[in-house]
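Participant: Heads up: the protein sequence lines correspond to chains L and E, in order. The opening residue of the first sequence carries number 1 in this note's numbering; numbering runs sequentially from there. The opening residue of the second sequence carries number 1001 in this note's numbering; numbering runs sequentially from there.
No lab work stands behind these hints: they were computed from the structure. Just so it is clear, the structure is predicted and the values come from calculations on it, not from any experiment. Hints may contain errors.
Pairwise CB distance ranges (calculated) [unchecked claim]: (1) Ala1142/E - Ala133/L: 55 to 63 Å; (2) Thr13/L - Arg1193/E: 35 to 43 Å; (3) Ala1122/E - Pro6/L: 47 to 55 Å; (4) Val79/L - Arg1015/E: 48 to 56 Å; (5) Glu1023/E - Gly118/L: 14 to 22 Å; (6) Arg22/L - Gln1204/E: 57 to 65 Å; (7) Arg169/L - Phe1038/E: 53 to 61 Å; (8) Arg1193/E - Ala133/L: 40 to 48 Å; (9) Leu136/L - Ala1280/E: 29 to 37 Å.
Partial pick of chain E residues on the chain L-facing surface, computed with a CB cut under 10 Å [stated by the list, open to error]: (10) Pro1016; (11) Pro1107; (12) Leu1326; (13) Arg1327.
Just so you have them, the derived chain L footprint on chain E, three or more residues with Cβ under 8 Å [to be verified]: (14) 1075–1085; (15) 1467–1481.
For glycine and all other residues, C-beta sits at the position ideal for the given N, C-alpha and C.
Listed here are the chains, written in short residue letters.
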Amino acid sequence: MAPANPPPLLTLTGVSRLYGERAALSPVDLAVAPGRCVAVMGANGSGKSTLLRIAAGRDTATAGQVVYAGRGLTEDDPVIRAEVAVVGDMVSAYPDLTVREHLQLVAVAHGAGRGRDGLVDRALAECRLAGHAGALPGSLSSGQQQALHLAAMLVRPRRLIVLDEPEQRLDPAARRWLAGLLSAEKRAGAALLVATHHVELAAAVADHVLVLRDGVVVGEGAPDAVLAVIQ
Amino acid sequence: MTITREAIAVPDSTRPTIALLRELRRGRARKRAGDAAFWIYVIVLAVALYGGEQIAAAFRALRHPPPAGAGAAHALHAAPYGTAALALVVLLVLVRDAQWRGPVTLPQPTVDWLLGTPVDRARLLRPRFRLSAMATTLAGAAVGIVPAATLVGFGLGGHTTGSAARLIGAGMASTALLFALGTGLACLVERYRASWRWLRGASQAALAAAAVFAGMAAWAAVGRPPAVAATVVAWSGPWGWAWQGMVGLAGGAAPLWPLATALLGVAALGAVAAGHRAAAGVPGIALRDRAATMGAMSAAVLNMDTRGVANAYGRAAVRRRASFRLRPPRRRELVLLWRDLLAVARTPARLAGAVALALLAAGILAAAGHRGQASLLPVGCALSLGYLAAAWLCEGARLDAEDVRRSEQLPFRFASLAWWHGAVPCLVLLVVAGVPVAVASVVAGEPRFLLLLAVTVPLLVAGALVNVFRGEFSPDMFAGVDTPYGNTAAIKIIFWSAWGPVLAVVPMTALLSSALGTPHGGALARAVVIGGGLAAGLWAYAARRAARLRA
């Protein structure tokens, strides 16, 4: 169990992002602690993905400060790559590697070594992909491809998990499974930052909800209060 | 196991990861080798079929180099400036390439699955740089044959096989070194984004210098620029060092060419070494952008979708877009004109290019008409340039044609868009080409020039619209039909790509050259009537093609 009020693992202070003259994100403050989940909600184009890319070190803020465990956050830092798992912006897979082989690759790349097969088997079972372990990604449905990306998260170390609309392409049953999976990650001590359109997912997992509109935070607080307003 | 509250020690998993990837792919190596062999076979076959005769002729010429002809001295005088201009442009293209593609690119799956892991970036990226540097250097060696063979063709460099081979070898070596230098510098540009601002200024200076060198080459071909100018160009930088070997061996004034070549070699080696070091630090953001661009571009190339290639490049390239505003019209008949004016005005580079092409075309036609003997070649060239200008200005039509859903909310039939979208290109070309043509008409007392322009412009725009609304490339075209004269696939693909210009440029070339070449009114009337009818017909054909796209 995580302590009652753990110090934040990820802190964004006054972070903004300009594309040319257009402000995709106006100054945003955000903190995610281990064992906690922050959900970012908002309409399409509201700045959720921009915020998450910055939080994952895959984009640079125009202004403001991003601190992860006391260090600057950039994907070019191997420590960040070792500890921050990102799900959601994967658009392709190796066409010649099977589902199992993809997971083996990620596990080994993160130093799993000999334990990789056990890890991979557990992730396959957890993500209901055991029956497709030998399949090539091209033969998977879009929901199964999303499950493959979630499985990749499970075979690697992760202190912070950044998920951009992980419920995309999942059916209602799979979305319930996803909520359970993320809750388990939280209980195990991971810090979660999730962008989602799905109110039920946010209600089930989040401890804090942030609502963006046109790059500006228009509401935040405990899920019950914020989600009631949204609904 | 995996979720920890304490910081994780980053494992060095590079070696096992790469070993695993190799092991997983071992079984597929044979298939990949087979695919590669097939493509090599296709390329060799195509080169042998379409260029075999020329290659054989080139080898024969190399064995028995021709004697120095009348143009040899002029070529030798112009070569230092001309090759320096070319070398500078090549260097600039290679370095600027790093702003959107660069020597270090990873395939999308590697970006998605390995870039986010602690695998050592140097082990992923440096082999990519080495591969790029090697491929570019080999390409440079191949390109270097062209200027050297041109000098041999002028009868420069001696009359023996050995002397010609030495000249070609010098061309290959210096161009290969130039390409290697460019690749090394490009990697530094890709690694250090801060260099982009500097590069913008340097590009303008380099283009200006290349233009000056080209002007000097023209001067040297017909006159005698001061000798000191050649010395200044020779030692002004790698572009000057690059040609000295060729010119020296061709009998020109480059006594220190071994030193220049050595300098170029040292610069190339230094740049490649610096690029190799920098490759490991290319930022992840840059690698993700480039992988996405190359993925989109490869898909477009495989689909023969030239528009897709341009779009992928446009999304990646650093291109300034003008924030031009224009108040929308009140009348619905003017709304597409307004929309097309915005499309043209917001891409000033496209507009400037079209204007330059149109002016060049008008100049060539005026020169051809002035002499009173307009032969087919200059008229055909001028109309081809005019067609390109028209095609560049049809941006509004192209935007609607590439995705028919875009215009769904408009109150126009899709077929009628072909008519509407032609208005702005016609207007721009008539204004741009009309001014010099009007001046020429007044000076020469020949109003027929204006009449011919009024017919030619709509015809070229209609031809461009025929191409714009051609639809997607169908892979079936590769199959073709077997006839006693061979398979029709190549012809079908060529006509699919160039049906518009063929229909517009070929007949108008004959009509225009006849009308410009004779003062008789009959040829003029024929050109105006047939050209006008052809324009109307092509416009209707473009509309029919558009209707088929929506169907």
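Participant: Next, verify each hint and record whether it holds.
Facilitator: Against the structure, the hints:
no.: 1; hint: Ala1142/E - Ala133/L: 55 to 63 Å; result: violated, 46 Å
no.: 2; hint: Thr13/L - Arg1193/E: 35 to 43 Å; result: violated, 24 Å
no.: 3; hint: Ala1122/E - Pro6/L: 47 to 55 Å; result: violated, 35 Å
no.: 4; hint: Val79/L - Arg1015/E: 48 to 56 Å; result: violated, 19 Å
no.: 5; hint: Glu1023/E - Gly118/L: 14 to 22 Å; result: holds, 19 Å
no.: 6; hint: Arg22/L - Gln1204/E: 57 to 65 Å; result: violated, 27 Å
no.: 7; hint: Arg169/L - Phe1038/E: 53 to 61 Å; result: violated, 36 Å
no.: 8; hint: Arg1193/E - Ala133/L: 40 to 48 Å; result: holds, 41 Å
no.: 9; hint: Leu136/L - Ala1280/E: 29 to 37 Å; result: holds, 32 Å
no.: 10; hint: Pro1016; result: holds, 5 Å
no.: 11; hint: Pro1107; result: holds, 8 Å
no.: 12; hint: Leu1326; result: violated, 19 Å
no.: 13; hint: Arg1327; result: violated, 21 Å
no.: 14; hint: 1075–1085; result: violated (count 0)
no.: 15; hint: 1467–1481; result: violated (count 0)
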